[in-house]
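Position chains B, C and D against the provided structure of chain A, taking the given hints into account.
Residue numbers (our numbering), protein chains in the order written: chain A, 1 to 181; chain B, 1 to 181; chain C, 1 to 181; chain D, 1 to 181.
Hints may contain errors.
Pairs of lysine-lysine, BS3-like flavour, derived with a Cα cap of 30 Å [said to hold, decoys possible]:
#1 A:74 with B:79
#2 C:55 with B:55
#3 B:79 with A:80
#4 D:125 with B:131
#5 C:74 with D:74
#6 C:16 with D:79
#7 D:131 with B:125
#8 D:43 with D:125
#9 A:131 with C:123
#10 A:123 with C:131
#11 C:74 with D:80
#12 B:131 with D:79
#13 C:80 with D:80
#14 B:123 with D:125
#15 B:74 with A:80
#16 D:123 with B:123
#17 D:131 with B:123
#18 D:80 with C:16
#19 A:79 with A:125
#20 C:79 with C:125
#21 B:74 with B:16
#22 D:16 with D:131
#23 B:16 with B:79
#24 A:74 with B:16
#25 D:74 with C:16
#26 D:123 with B:55
#27 C:79 with A:43
#28 B:80 with A:80
#29 A:80 with B:16
Quick caveat, the hints were computed from the structure, so don't treat them as lab data.
Bear in mind that the values here come from a model prediction, so they are computed numbers and not experimental data.
4 protein chains.
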Amino acid sequence: MSVERVHSHVVTEAAKNCLTERGVTISDIAEIVMQMQGPYNSKLTIEECVDSVEKVLLKREIQHALLVGVELDKLAEQKKLSEPLQSIVEADEGLFGVDETIALGASLGYGSIAVTTFGHLDKNKIGIIAKLDTKVGGGVHTFLDDMIASIAANASSRLAHRLRDMEENLPPEERRIIEDE
Amino acid sequence: MSVERVHSHVVTEAAKNCLTERGVTISDIAEIVMQMQGPYNSKLTIEECVDSVEKVLLKREIQHALLVGVELDKLAEQKKLSEPLQSIVEADEGLFGVDETIALGASLGYGSIAVTTFGHLDKNKIGIIAKLDTKVGGGVHTFLDDMIASIAANASSRLAHRLRDMEENLPPEERRIIEDE
Amino acid sequence: MSVERVHSHVVTEAAKNCLTERGVTISDIAEIVMQMQGPYNSKLTIEECVDSVEKVLLKREIQHALLVGVELDKLAEQKKLSEPLQSIVEADEGLFGVDETIALGASLGYGSIAVTTFGHLDKNKIGIIAKLDTKVGGGVHTFLDDMIASIAANASSRLAHRLRDMEENLPPEERRIIEDE
Amino acid sequence: MSVERVHSHVVTEAAKNCLTERGVTISDIAEIVMQMQGPYNSKLTIEECVDSVEKVLLKREIQHALLVGVELDKLAEQKKLSEPLQSIVEADEGLFGVDETIALGASLGYGSIAVTTFGHLDKNKIGIIAKLDTKVGGGVHTFLDDMIASIAANASSRLAHRLRDMEENLPPEERRIIEDE
Numbered sequence: 001m002s003v004e005r006v007h008s009h010v011v012t013e014a015a016k017n018c019l020t021e022r023g024v025t026i027s028d029i030a031e032i033v034m035q036m037q038g039p040y041n042s043k044l045t046i047e048e049c050v051d052s053v054e055k056v057l058l059k060r061e062i063q064h065a066l067l068v069g070v071e072l073d074k075l076a077e078q079k080k081l082s083e084p085l086q087s088i089v090e091a092d093e094g095l096f097g098v099d100e101t102i103a104l105g106a107s108l109g110y111g112s113i114a115v116t117t118f119g120h121l122d123k124n125k126i127g128i129i130a131k132l133d134t135k136v137g138g139g140v141h142t143f144l145d146d147m148i149a150s151i152a153a154n155a156s157s158r159l160a161h162r163l164r165d166m167e168e169n170l171p172p173e174e175r176r177i178i179e180d181e
Numbered sequence: 001m002s003v004e005r006v007h008s009h010v011v012t013e014a015a016k017n018c019l020t021e022r023g024v025t026i027s028d029i030a031e032i033v034m035q036m037q038g039p040y041n042s043k044l045t046i047e048e049c050v051d052s053v054e055k056v057l058l059k060r061e062i063q064h065a066l067l068v069g070v071e072l073d074k075l076a077e078q079k080k081l082s083e084p085l086q087s088i089v090e091a092d093e094g095l096f097g098v099d100e101t102i103a104l105g106a107s108l109g110y111g112s113i114a115v116t117t118f119g120h121l122d123k124n125k126i127g128i129i130a131k132l133d134t135k136v137g138g139g140v141h142t143f144l145d146d147m148i149a150s151i152a153a154n155a156s157s158r159l160a161h162r163l164r165d166m167e168e169n170l171p172p173e174e175r176r177i178i179e180d181e
Numbered sequence: 001m002s003v004e005r006v007h008s009h010v011v012t013e014a015a016k017n018c019l020t021e022r023g024v025t026i027s028d029i030a031e032i033v034m035q036m037q038g039p040y041n042s043k044l045t046i047e048e049c050v051d052s053v054e055k056v057l058l059k060r061e062i063q064h065a066l067l068v069g070v071e072l073d074k075l076a077e078q079k080k081l082s083e084p085l086q087s088i089v090e091a092d093e094g095l096f097g098v099d100e101t102i103a104l105g106a107s108l109g110y111g112s113i114a115v116t117t118f119g120h121l122d123k124n125k126i127g128i129i130a131k132l133d134t135k136v137g138g139g140v141h142t143f144l145d146d147m148i149a150s151i152a153a154n155a156s157s158r159l160a161h162r163l164r165d166m167e168e169n170l171p172p173e174e175r176r177i178i179e180d181e
Numbered sequence: 001m002s003v004e005r006v007h008s009h010v011v012t013e014a015a016k017n018c019l020t021e022r023g024v025t026i027s028d029i030a031e032i033v034m035q036m037q038g039p040y041n042s043k044l045t046i047e048e049c050v051d052s053v054e055k056v057l058l059k060r061e062i063q064h065a066l067l068v069g070v071e072l073d074k075l076a077e078q079k080k081l082s083e084p085l086q087s088i089v090e091a092d093e094g095l096f097g098v099d100e101t102i103a104l105g106a107s108l109g110y111g112s113i114a115v116t117t118f119g120h121l122d123k124n125k126i127g128i129i130a131k132l133d134t135k136v137g138g139g140v141h142t143f144l145d146d147m148i149a150s151i152a153a154n155a156s157s158r159l160a161h162r163l164r165d166m167e168e169n170l171p172p173e174e175r176r177i178i179e180d181e
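Isolated chain A (complex conformation):
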């Protein structure tokens, strides 16, 4: 197949646009991160939370998951999916789990803190996640709300690992490497 390969920069840009056009800001997500990690780190600033969210958004796995999830949400909103998928996604059916599978898959790379925080956020619908709940507003956000939970969980886990590196006075070079976890 002769399809041209898409450059990383294009994918990064498109993933960020997915959030913007669906009304979600980096700040919205950073606020969830602050709520999750603040209790463990009294010196945590909102700027650090914003930075952590931005780092998470640079990952290919996250970008691809966002592209797929938001595409499905938009197609459902426009009634362009085939039945019965259209009805299932539009209703954000309780037993439909592909949205959580994609979002969880994007969290597994950030360790166990990301996974349990994802479950907690997904169940308790904190901050912007509650506002996005498909069953509340007019739009369809079946996939997006799980992706926001995943991104916030990843950014939280990332900060927990970084904090530990700081406490251990690791030199910046090692910090970078271990931070990659």
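Just chains B, C and D now, with coordinates in the frame of chain A:
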């Protein structure tokens, strides 16, 4: 939202149609299962493999994953996805992993044999999976080939667990329960 | 190797003993299930929760995970692990995630409701899980508390799927099959 | 609990020792990586494979999984596990999956290429993995062989992502970030 809930029977029917309309038969998948489990069980028949594939296709998680995957393949074939997702799915990009995430998610319920068999099938593209490879034929099967690998892996793992139950002479009632694994 | 294969009955018995000897009853777990699923099903009885926990405990994946987790907890209590693993498990280190990995692995088979409920329980430490917290009592329960969260989450997801089957008036035979999910 | 927190350096050292004392060298693992990634990258050198394995071994998740897995293998070798776990681990029972769960959990952070490569290596037992097979030699390597498959799979996926960054001529700074994936 006033969307009517879709009945399980409708979802089951739709999932089976996903396979048929994309040219995949239950037999195609059963043959992969035979190739995987035959070496461990000399008495295994193709009928048992067919039955195991059919049982796997009754699971909600599998059905939902099939509906989503085939929908995305078809939309990509019709050039109806937004860019850059259209190009990524159409080209079955090596670093795009949402297809594997969805398929792996559908395999995790069948234990570790399912997971390693899935990896093996996905990498070595056995039987119908090779024929579906997006890069070979004209159609787009980026998601479907992974789903076939997942279904075959699950049906294989299911047979391995059943074989053990037989060897232990478990009474049918317990067999049923442990077989649920 | 000439090791005799262990019969399923022996493994089932041993897994149940793991709970009893660590002071956890089926009722303790059933109460968490009631708290999780009661809000979605006003007719749910504690007997149904007990039954669901018992069904989950029949699964090989769960039994094996319990055997491994409780073994490691007990060895840590007896100071019999090598360093630095001994200190890490004894302290239930925040960044140590093998306990969550094993427990999550045992939940993935029960669908997305199990996964998000597991995250919620693991983070919010409800009921017996709080009492087991290694950092509170004298014993080491680094692995057990995650396994209880996993079992309760699985039993909860199982009930959610069953409820749906009832609402759809599926005949018992189909119910059994779909319930297997 | 007054247990002193273990420094990252100590954990890193201990994880490397797990390999050495069980007779596995970085080179053994790098050779598997070369076999996996060589076909996709004709310029790949064994030095790059060694480097990739070493980077993977710096991750906390991998280190913790190695510590737990090798501890269980050694305890089984010394007949120090409780029954029936002792017999199950010693025999490397086909339906026992906690070893794969831990190893897969350590691979999920490296994206879908890691997961499918893990399944392939685990099933086909390539290189040092075959030599470690519990059923062949005298020792117990039930957990270690899966961990080697996981580490090799992760190092392979890491190289695939890096290769792409090179092909796209990403500046080193971005490369570092995307490489973290």
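Hinted pair residue 80 of chain B and residue 80 of chain A, Cα distance within 30 Å: Status holds; Cα separation ~10 Å.
Straight-line alpha-carbon gap residue 80 of chain D to residue 16 of chain C, limit 30 Å: Roughly 21 Å separates the two Cα atoms, so the pair holds.
Distance restraint between residue 74 of chain A and residue 16 of chain B, which requires alpha-carbon spacing of 30 Å or less: holds (26 Å)
Restraint check for residue 123 of chain B with residue 125 of chain D, where alpha carbons must lie at most 30 Å apart: Answer holds: residue 123 of chain B to residue 125 of chain D is near 14 Å, not above 30 Å.
Distance restraint between residue 74 of chain A and residue 79 of chain B, which requires alpha-carbon spacing of 30 Å or less: holds (16 Å)
Satisfaction of hint between residue 125 of chain B and residue 131 of chain D, Cα-Cα up to 30 Å: Measuring from Cα to Cα gives roughly 26 Å; hence the hint holds.
Given hint residue 125 of chain A paired with residue 79 of chain A - CA-CA distance at most 30 Å: holds (26 Å)
Satisfaction of hint between residue 16 of chain B and residue 80 of chain A, Cα-Cα up to 30 Å: holds (21 Å)
Given hint residue 43 of chain A paired with residue 79 of chain C - CA-CA distance at most 30 Å: violated (36 Å)
Pair hint outcome, residue 131 of chain A versus residue 123 of chain C [Cα-Cα no greater than 30 Å]: With Cα atoms ~22 Å apart, residue 131 of chain A and residue 123 of chain C stay inside 30 Å; holds.
Pairwise hint evaluation, residue 55 of chain B against residue 123 of chain D, where the allowed Cα distance is 30 Å at most: holds (24 Å)
Hinted pair residue 123 of chain A and residue 131 of chain C, Cα distance within 30 Å: holds (22 Å)
Comparing the model with each earlier hint shows violations of hints 12, 27; every other hint is respected.
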